[in-house]
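Listed here are the chains, written in short residue letters.
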Amino acid sequence: MRDRRKKVISQKKKILDKKNISILFLGLFIIFELVLTIKAVTLGTTLSLYEKEEERLSSENKKLSRELVQKTSLAEVEAKAKDLGFERLEKVIYLTPGDSFAGKP
Amino acid sequence: MSIRLKLYSFAFFIAFLVLVVRLFYWQIYKGKELSIQARSQYESSHSIDAFRGEILASDGTWLAASSQGWLVYASLDKIDDDHNKIADQLSFLFVQEKDGEKAVLSEADRLKELLSRENSVWVPLKHRVNDEVKIQIEALGIKGIGFEPEEIRDYPEGSVAAHILGFVGKNAQGEDLGYFGLEGYYDLSLSGRPGFLSREADARGSPIFIEDSKKVSAIQGISLLTHLDKAIQITLEKKLKEGVEKYGAKSGTAIVMNPQDGRVLAMGSYPAYDQSSYWEYGDEFFINPAISSSFEPGSIFKVVVMASALDNGVVTPETKCEICGGPYKVDKYLIETWNRKYNKDSNMQDVIINSDNVGMVFVANKLGKEKLYDYLKLFGFEDKTEIDLQGEIAPKLREKSSWSDVDLATAAFGQGIATTPLQMVRAVSAIANKGILVKPNVVDQLIGENWKEDVNQKHEQRVISEGTAAQVTAMMVEAAKKGESKWTHQAGFKIAGKTGTAQIPISGHYDEEKTIASFIGFAPYDDPKFIMLVSLQEPESSQWASETAAPLWYAIARDLFLYFGIQPEK
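So the protein lines, in turn, are chains B and C. The opening position of the first sequence corresponds to residue 0 in numbering that gives the first Met the number 0, with each subsequent residue numbered one higher. The opening position of the second sequence corresponds to residue 0 in numbering that gives the first Met the number 0, with each subsequent residue numbered one higher.
Hints are supplied without guarantee of correctness; some may be wrong.
To be verified - When the alpha-carbon atoms are kept at most 30 angstroms apart in a straight line, the in silico DSSO-like pairs for lysine-lysine are as follows:
(1) C/K457 to C/K481
(2) C/K383 to C/K328
(3) C/K451 to B/K70
(4) B/K62 to B/K90
(5) B/K90 to C/K245
(6) C/K328 to B/K70
(7) C/K481 to B/K90
(8) C/K331 to C/K395
(9) C/K97 to B/K62
Hints listed in this document are in silico derivations from the structure and should not be mistaken for laboratory results.
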């Protein structure tokens, strides 16, 4: 009975000896490193996707800016005004303050 | 030891030796080369674009802006199709329809030559094509044709304000560089600085975070908010073009400025050029005549000489001209009036109204050479105005000690003396601005990504007293109403103005026929909103400013009265 007990204790000692603990830590470290690497690679891919999206938006922004620049040019506005039937004034009439204009009869 | 064991040992030894030699070859002998190759595979680096700053009109709309364009290139080793066929297809897209068939054929020849280059792998075919052209080329599906992003400089108003804006060309290293005008003067600020990103990437190009990366952020170009008023600029250029054509002038220049603070509202010359195709024009088109050309101002200069004499107290508006009864002889030259009519009892106001050359000689003689020289220096005639535009010149005055009697007499009516149109506007602004000389300026604010900074260009200097300025203004008001250009005067408006017809010196003598016709004026004279100079080179319909430059000045001014809300007096 005593011998069997001694055997169990010595087996427990064997499991918790320095070598096994080192292997355990090494294993954990490798797993941790692996997880970190996977995480970093995933982040890289995510960043790459964000960068592509940023590039797309930036390109679209530039395109819209260019369109805005062209649409707000006075030459463009003048052409549009002409199409809409607006005309340049040909004669200016200045009214003296005392004159009644479109007043009641 | 058995023979078999020895053989195995030997074989292992040989294998080990081969392995060592091989490792030495790859790691030591070829190590450096492979390391570079490997780095190029896992290291991703690219520059971060810095767009050129924008140039904005006073209302915040664009005069110049940057946008994304494309460089079309050919990777010659990847091209399968016939070179001639590719050249024909692309030439239609690279040439504008308005340029015609001849331009398409010439472009096709250029492309054929580029595509058949030997000893070349990569050939740029066309710079700065827009998105629409890129899409059309992509639709053709030509193998070996690629695109690289490239900046395009847009001028949304076309050639408007070309002389003020300048253009963006290339320097000797093929980099963008601003030339002339604002693009040239503010090139460093407008350009910005591209950034750089270097990092390790996996096979798909995604960044690897566990390794170091280097990033230098791009500094975007600074934008310029100017005082330029698009509406005035467009009106001025349109009317100037019409005026040059109507009066058969060789060229014309006009400047509109606020005389109270020197803000340049518009400045234009005709003929001009189109910045987006500047390479099609000769160098002479790029020079801004308003700041880079000198001219003899003629009678518009009389107001400056009169202001100097009044300020010095040698004459008053009531002083009688003692020599105005007939032509006046200086040395061997006879000074005459422009119409050979003489007014014996003229006072100083009459001298300006009648633009009397003899009367001005009287004034100059009263003032004297040294004092006139000092006043001209004060009015800024020998110095640059320091306007923020590239290419300004400042014609030199004759040395103070070398002025002869003839020089004094001719300077009195604006001949034998050179000035730029802007110097002239600045000097007369001092009269409009109660005697204070201002510095002309174009840019109001510098605008960065998250900041704005006012450009403090204020520089004021008193050159004549307020009373003198008022006296000369009153003379100019009468000159506009009763002078030789009275027929075109806009009655009821508070205008101070003066005509000037200068003869042009050619090979040591003045040409009888060719003149420079100018009109300078400001309104309303008691609180001026603008000062404007119109100058026409060699008008053919009439050599006189009163029949050319003056009506053109009033034609532009009528639009400005409406624009500024200037009401008539009565």
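Right, here's what the structure says about each hint:
Taking the CA atoms of C/K457 and C/K481, the gap is about 36 angstroms. The hint is violated against a cut of 30 angstroms. For a cut-off of 30 angstroms, the pair hint linking C/K383 to C/K328 is broken: about 35 angstroms separates their Cα positions. A distance of roughly 26 angstroms separates the Cα atoms of C/K451 and B/K70; the hinted pair therefore holds under the 30 angstroms criterion. For the hint pairing B/K62 with B/K90, the CA-to-CA distance comes to about 41 angstroms; that exceeds 30 angstroms, so the pair is violated.
Distance restraint check for B/K90 and C/K245: the Cα-Cα separation of roughly 21 angstroms lies within the 30 angstroms cut-off, and the hinted pair is therefore satisfied. At roughly 63 angstroms between alpha-carbon atoms, C/K328 and B/K70 are farther apart than 30 angstroms, so this suggested pair is violated. Our distance criterion of 30 angstroms between C-alpha atoms is met by C/K481 and B/K90, whose separation comes to about 25 angstroms. A hinted pair counts as satisfied when its Cα atoms are at most 30 angstroms apart, and C/K331 with C/K395 qualifies at roughly 26 angstroms.
A hinted pair counts as satisfied when its Cα atoms are at most 30 angstroms apart, and C/K97 with B/K62 qualifies at roughly 25 angstroms.
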